[in-house]
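Visitor: We have chain A already, so just place chain B on it with the hints.
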Amino acid sequence: MSENPSKMAGAMSAVARAVIPVILAIVVGGIIILAMGKDPITFYVKIFQYGLTGTNWMRSLVLMAPLLVIAVGLIVAFRGQLWNLGYGGQFLLGAVVVSGFGPALFAVVPGPLATIVLLLGSAVAGAVWTVVPALLKARYGTNEIITSLVMSFIGAGVVNLLIKGPLKDASQPIPQTKVLDSADMLPDIFGTKVHLGFLLAIVIALVFQFVLSRTSFGLRMDVFGASAKSANHVGINSTGMVFLVFALSGALIGLAGGIDVLGHESYQRANWDPHYGDAVMPFVFLARLSPVAVVPLIGFYSVLATGGILAAQQTGLNVDFLLVIVGLILIFMTITEFVTTRRALGQSYMPVGLKRSVTGLFDSITRRSNR
Amino acid sequence: MSDLLLNPTFLTAFIVAAIAASMPLMLAAIGETIGEQAGVLNLGVEGIMLIGAYTAFVTTLSTGNFWVGLLVGSLAGVLSSVVMLVLNVWLGLNQIVIGLAVTLIGEGITSVLYLQNFAKTSPGLGVAPSFDIPLLSGIPVVGKAVFQQSGIFWFCILLAVVVAWMLIKTNWGLSIRAAGQKPSSLDAAGGSVTRVRSQAVLIAGAFAGLGGAYLALITTSTFTPFMVNGLGYVAIVITMLSRGRVLWVALTSLLYGVTVAVGTALQLTALSLPADVIKMLPFIVVMITLVLFSRTTVVPPALAAPYTRGAR
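Which chain is which? The protein sequence lines are A and B, in order. Per the numbering used here, the first sequence starts with residue 2, numbered consecutively. Per the numbering used here, the second sequence starts with residue 295, numbered consecutively.
No wet-lab data here; the hints were simulated from the structure. Hints are supplied without guarantee of correctness; some may be wrong.
DSBU-like cross-link-like pairs, simulated, lysine-lysine; straight-line CA separation at most 35 Å [said to hold, decoys possible]:
hint: 1; chain 1: B; residue 1: 414; chain 2: A; residue 2: 47
hint: 2; chain 1: A; residue 1: 179; chain 2: B; residue 2: 573
hint: 3; chain 1: B; residue 1: 414; chain 2: A; residue 2: 230
hint: 4; chain 1: B; residue 1: 573; chain 2: A; residue 2: 169
A partial selection of chain B residues facing chain A, derived with a Cβ cut-off under 7 Å [said to hold, decoys possible]:
hint: 5; residue: 391
hint: 6; residue: 406
hint: 7; residue: 586
hint: 8; residue: 588
hint: 9; residue: 589
Using N, Cα and C, we set each Cβ at its ideal position, and we do this for glycine too.
Chain B extracted, bound-state conformation:
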């Protein structure tokens, strides 16, 4: 075990695996954070991630370009969240039911389409071109693991930073949080609850699609039916635990990624855990975290409550 820990190849692979597992989750959870802060519970993340993953996979497979795939995946996320925009924000329908519906449709349609088109060939995408940062990429272990990632990785990190800044420092971020904390106050201040929530839902969809696209393009380099496998729900948990702070979202996502990587690494050692334990490990960690920190999970008061002007 100890000689394994000092092995640079192993360490590099470990860090790469941790990052690869945490990025899709972080992106989806950032989207969910924006949505929840604005008072919209998006239970459809799981389905939107699958739609983003599938469209990104198909696009990159046919064009050979990972960036186009990423873009299309996140646009597909925006499009699928239009359902929630109209039904949840505009008409004020039940967010839990619509969210589940979006998840079911996303699971069903991507699985049917994949099996129809690719079941016999099950193609892979290959590795996205890496973007080496000069000097830093020369550092042993860390350089190879962190500073030789694809450009998409850095783009997503940049997006996360921008969103964090906008949520904390801009008027727009304030409106988002007002829409979730006390929508009537936003209304009284001359803002439009509907418009702010609409923006939040669409951005949340874009990020969920992006997360799915990252999962298909970078993390797994392929698509398989039901590949998101609960990650969307983990994103909702992380959102609840992070209380609207993007930095916490990033850190808890990384913790999840490390759990996944540890699971994979344990397979290499003499322990040789069964694959099912490794699949369960992240969920067990999430559950323990929930049991320990449940007192600190805070959701916006107006979460999942449609806003009607003047209603008590």
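Only chain A is shown next, with the shape it has when bound in the complex:
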């Protein structure tokens, strides 16, 4: 019982550390907008108007579905200290499985079965694309940031080739896949215009929260993430771990692509790339790699992105400005992390290995103040 106040304080500081960087980024982003001769207040007000009011909140939730699944995919990789930055290609490959093979499959197989097969296919496509980076990492320790990124560029090219070649809808002048029949799309949740993929995303977040924090597999992954050497010592097969973590991460990100097409997009154009993964990245860290804690943050970004498109048009900005805000959140996040680590407020959301040397300096202070 006596622990409750400190637990509350801990939770409050965790929330503060997640919110402060976002606020700072919005303020600095506003100053940049002002410097460009535009009106930041109008921009931000319009964002929330177009992202939340009326029926707009439903559009935000629709966007949230793929974003949340990607976020969980990134969390899995980062928990295992594997920097899977090939999310771009993995997402597009997952999407093209549904958009390219969906129309043909729905014609011959009953709907529910086809849906399951397609979504599994998306997951497999995403997972397959991580095999080479995982292999190189496991065998030679090659930096997976680079290999997964290069694979991502190749993946995007493969998707374009497929859409312009065998999967092209011949009746369309622009290269794109056949449009899925609206009856074949994921059904809406009762009474809303939000498709079932949103529920699926929430379930995935809950399941992975449980798996990562309550099962022996989750513990093994955390040990592996903290130190592959110690993992080997306690009998964890670290080579297998690299493949497994990478494949899980890629599968989730590919699945996100499938969900987005089957729930919302209904077809895929060549060169279509929404850059969801880039946007999700900071929120994954802000949530301290927790699949449940990331849900409200992703919800916030979904509103920002949904409202941002129209708000940007009306303020005379481009929607790419959201990239600047996302980048600013990342920067302020690390600064906030630095400051709070100094003040020893609690656990950190940065991967252990990378911040060990920073905290080493302040360890003695921490120990003294905890006493």
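Guide: Chain B only, in chain A's frame:
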């Protein structure tokens, strides 16, 4: 195909295309090499290149002078790397996260600014004045392709040679490598890890900006949003494969340039590959190289690890 290979106009165009594609990459990779040798992983190259490209484009567009554009582009690179200097070197924050942030901000801000100012006009810069080297420029094919490049080309080559020499032969180069190999030894020898790494980060930024500027001013003669398109990441790959040797950086960059030129040339032949294959080709070559030579990629032991005196 064979008559095409003997065609001097084609050969000249081929060499020019290969050089044009490899120079921005080489410049960025040299910068990345200095940074990585000193123990700082600069994942923001992509964004810094875009910032350098955009500022160089705007400057040259308004002044009409390519040299001023080049200078401003590389200064913009230095300025954008100040973020990394403060956050990564001085405060020891996560280099991967900050690098990604710089890339995202660079992509976002250049795209927004370009679309705001030039979307309707999409102006080009024209061709930079060429600098003909007497006698050599008279050689058939090679003379026209190599010895009639712009002065900027020769300036960049000179810079590369100077940096290679400084890294290998000077005390400064030794300090740089010590900061990446074993920072505590540099500290013990009386050097300052922070100062050496700070210099390395700023120089890396200057080179990334220079690479971007070259891309905008010489290679494409214009700016388009997201024009760097992964070249920054290829620069990091090349840095890893070259193990800190500038000559290898130059050679692998040239190999990349040749791949790009081959892709373009294949479009002229009966093969007529789709444009997407040509865009993918360099990345596929990079990936194959990584698969084949992964065993030989060596990064400095202290890469991406902030230095704290006395920490174990």
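Visitor: Look at each hint and say if it fits the structure.
Guide: Hints versus structure:
| no. | hint | verdict |
| --- | --- | --- |
| 1 | 414(B) to 47(A) | 25 Å, holds |
| 2 | 179(A) to 573(B) | 25 Å, holds |
| 3 | 414(B) to 230(A) | 57 Å, violated |
| 4 | 573(B) to 169(A) | 20 Å, holds |
| 5 | 391 | 5 Å, holds |
| 6 | 406 | 5 Å, holds |
| 7 | 586 | 11 Å, violated |
| 8 | 588 | 4 Å, holds |
| 9 | 589 | 5 Å, holds |
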